[in-house]
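*Asks:* Residues per chain are reported as follows:
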Amino acid sequence: MNSLNKFNKNSIRLLISAVLLLIAVGVWSTYLLKENIPTVTENGRALIGGSFNLTNHLNKPVTEKDFSGKYMILYFGYTYCPDICPMDLQILTDAINLLDSSISGQITPIFVSVDPERDTVEIMAEYVQYFHEDLIGLTGTIEQVDAVKEEYRVYAEKADDTADYIVDHTSYTYLMGKDGKFLKHFNHAEDPEVMAAQITSLIN
Amino acid sequence: MKKILLGVLMLFAIQFNVNAEEGDILITNEWARPILISGRPGGAYLHIENKGNVADKLVSVTSTISPKLEIHEHTMKDGVMKMSQVDHIEIKAGSSVELKPGGYHIMIFETSSQYKVGDKIDLTLNFEKSGSITKTVNVMMKHP
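Heads up: the protein sequence lines correspond to chains A and B, in order. Just so we're aligned, residue 1 is where the first sequence starts under my numbering, counting upward by one. Just so we're aligned, residue 1 is where the second sequence starts under my numbering, counting upward by one.
These are computed hints drawn from the structure, not numbers from a lab. Be aware that a few hints might be false.
Claimed, not checked - Under the rule of at most 30 Å between Cα atoms (straight-line distance), these lysine-lysine pairs were calculated in the DSBU-like manner: (1) Lys149/A / Lys92/B; (2) Lys158/A / Lys77/B; (3) Lys135/B / Lys149/A; (4) Lys135/B / Lys181/A; (5) Lys77/B / Lys92/B; (6) Lys149/A / Lys181/A; (7) Lys142/B / Lys184/A; (8) Lys70/A / Lys92/B; (9) Lys92/B / Lys181/A; (10) Lys129/B / Lys77/B; (11) Lys184/A / Lys57/B; (12) Lys77/B / Lys184/A; (13) Lys135/B / Lys158/A; (14) Lys181/A / Lys82/B; (15) Lys60/A / Lys116/B; (16) Lys149/A / Lys120/B; (17) Lys158/A / Lys92/B; (18) Lys60/A / Lys178/A; (19) Lys184/A / Lys92/B; (20) Lys158/A / Lys129/B; (21) Lys51/B / Lys77/B; (22) Lys149/A / Lys100/B; (23) Lys77/B / Lys149/A; (24) Lys60/A / Lys149/A; (25) Lys70/A / Lys181/A.
Claimed, not checked - Which bits of chain A does chain B cover? Going by a derived footprint, with three or more residues having C-beta under 8 Å, they are: (26) 76-82; (27) 96-103.
Said to hold, decoys possible - Partial chain A-side listing against chain B, Cβ under 10 Å, derived: (28) Leu14; (29) Tyr127; (30) Tyr130; (31) Glu133.
Quick reminder that beta carbons are idealized off the backbone N, C-alpha and C, glycines included.
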């Protein structure tokens, strides 16, 4: 009797342990599966991108609709920027040149100025020609640029009040889908080959 | 007369001393970005190696193309790039410092010419102990 009790207690303990283990594995695997879902991208879709009214470097007013039907790859910076912006625009240029023409033909590279006071249409026209031949320069009024900065969650503020002020700014490159929705961002100083490979995998 | 001679000798000794240490600092991989828009500042980059036994400091940079050159650094905080001027760059004995895009770099303001890709500019690097080293720097869009 005593031994039977002991046996029962042991098997109940075993059963409880097994059930707990099953629950633990169940919860754990749910988390694992969830991690495969690109939650960051999902969040980003809701947060980054939107409509804008700007002027391109050919002095033509444009909105996001002018770019729909093609992928957009956007970099936000300013032409006075001595180091970071030319570096990331060169990386963007190199990455696009590394792409198969069937893919690069589907992408519009865009440089958006966060310094509309100094970056006039003429300055943008002069500047973009040093990078990719397809690169579109966009600038606008202070209000228009503030609006697009907000849509793309870009931070950019003057660092000082001098005439040759520097602008502190986030340095991300955004890949947007044909519908204008966010697909992926690239960090400052990304390797052009990595960027090209990731663009290819997302567009193919 | 003796004093003057001694003075001359001392000057010579100091000069000799500077020259001797100059070889301890090795500058390589120097390049500069073009001035894309007239009046805008340019950046220059290089690698400094201190082969000597004492630490040295890059205290200033001068050039015939500009009256105003500064040493700057970039710092990234929460994804935001901030650029600020630094007083000097220390190169510890037996170590090296890389001036590169996104890090330490030389800023060239108020240039007398809008130099382009393929041009060459001169940079004189002034070190606290090792004196001045002048380099001819190639202008290019990116480091090869």
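*Asks:* So, for every hint listed, does it hold in this structure?
*Replies:* Hint check results:
At roughly 42 Å between alpha-carbon atoms, Lys149/A and Lys92/B are farther apart than 30 Å, so this suggested pair is violated. Note on Lys158/A and Lys77/B: the hinted pairing holds, with a Cα-Cα distance of about 16 Å set against a maximum of 30 Å. With a CA separation close to 41 Å, the supplied pair Lys135/B and Lys149/A exceeds the 30 Å bound. For a cut-off of 30 Å, the pair hint linking Lys135/B to Lys181/A is broken: about 48 Å separates their Cα positions.
Annotation: proposed proximity of Lys77/B to Lys92/B holds, straight-line Cα distance about 26 Å (limit 30 Å). A distance of roughly 15 Å separates the Cα atoms of Lys149/A and Lys181/A; the hinted pair therefore holds under the 30 Å criterion. Taking the CA atoms of Lys142/B and Lys184/A, the gap is about 25 Å. The hint holds against a cut of 30 Å. With a C-alpha separation of about 52 Å, the suggested pairing of Lys70/A with Lys92/B is violated against the 30 Å cut-off.
Between Lys92/B and Lys181/A the CA atoms are separated by roughly 49 Å; this puts the pair beyond 30 Å, and the hint is violated. Only pairs whose Cα atoms come within 30 Å are accepted, and Lys129/B paired with Lys77/B is rejected, the gap being roughly 34 Å. About 42 Å separates the Cα atoms of Lys184/A and Lys57/B, which puts this hinted pair outside 30 Å; it is violated. A hinted pair counts as satisfied when its Cα atoms are at most 30 Å apart, and Lys77/B with Lys184/A qualifies at roughly 21 Å.
Using a Cα cut-off of 30 Å, the hinted pair Lys135/B and Lys158/A is violated, with the two alpha carbons roughly 34 Å apart. For the proposed pair Lys181/A and Lys82/B, the alpha carbon gap of about 29 Å is at most 30 Å, so the pair holds. Taking the CA atoms of Lys60/A and Lys116/B, the gap is near 29 Å; set against the 30 Å cutoff, the hint holds. Between Lys149/A and Lys120/B, the direct Cα distance comes to roughly 38 Å. Violation of the 30 Å bound is thereby established for this hinted pair.
Note on Lys158/A and Lys92/B: the hinted pairing is violated, with a Cα-Cα distance of about 34 Å set against a maximum of 30 Å. Of the supplied pair hints, the one linking Lys60/A and Lys178/A holds, its CA atoms being roughly 21 Å apart against a limit of 30 Å. Restraint check for Lys184/A and Lys92/B: not satisfied, since their Cα atoms lie roughly 41 Å apart, outside the 30 Å limit. Distance restraint check for Lys158/A and Lys129/B: the Cα-Cα separation of roughly 37 Å exceeds the 30 Å cut-off, and the hinted pair is therefore not satisfied.
For a cut-off of 30 Å, the pair hint linking Lys51/B to Lys77/B is broken: about 33 Å separates their Cα positions. For the proposed pair Lys149/A and Lys100/B, the alpha carbon gap of about 28 Å is at most 30 Å, so the pair holds. As the CA atoms of Lys77/B and Lys149/A are separated by approximately 18 Å, the hinted pair is consistent with the 30 Å bound. With a C-alpha separation of about 20 Å, the suggested pair Lys60/A and Lys149/A falls inside the 30 Å cut-off, and the hint holds.
Distance restraint check for Lys70/A and Lys181/A: the Cα-Cα separation of roughly 11 Å lies within the 30 Å cut-off, and the hinted pair is therefore satisfied. Chain B is given as covering the stretch 76-82 of chain A, and this holds because 3 residues of the stretch bring a CB closer than 8 Å to a CB of that chain, at least three being needed. Proximity of the stretch 96-103 of chain A to chain B, defined as three or more residues with a beta carbon under 8 Å from a beta carbon of that chain, is not established by the 0 residues found. A distance limit of 10 Å between C-beta atoms decides the matter here; for Leu14/A the minimum to chain B is near 51 Å, and the interface restraint is violated.
Hint on Tyr127/A holds. Least Cβ distance to chain B is approximately 6 Å, under the 10 Å limit. Satisfaction of the interface hint for Tyr130/A is found here, the shortest Cβ-Cβ separation to chain B being roughly 5 Å, below the 10 Å cut-off. Hint status for Glu133/A: violated, given a least beta-carbon distance of 14 Å to chain B, over 10 Å.
This entry does not satisfy hints 1, 3, 4, 8, 9, 10, 11, 13, 16, 17, 19, 20, 21, 27, 28 and 31, going by the numbered hints stated previously.
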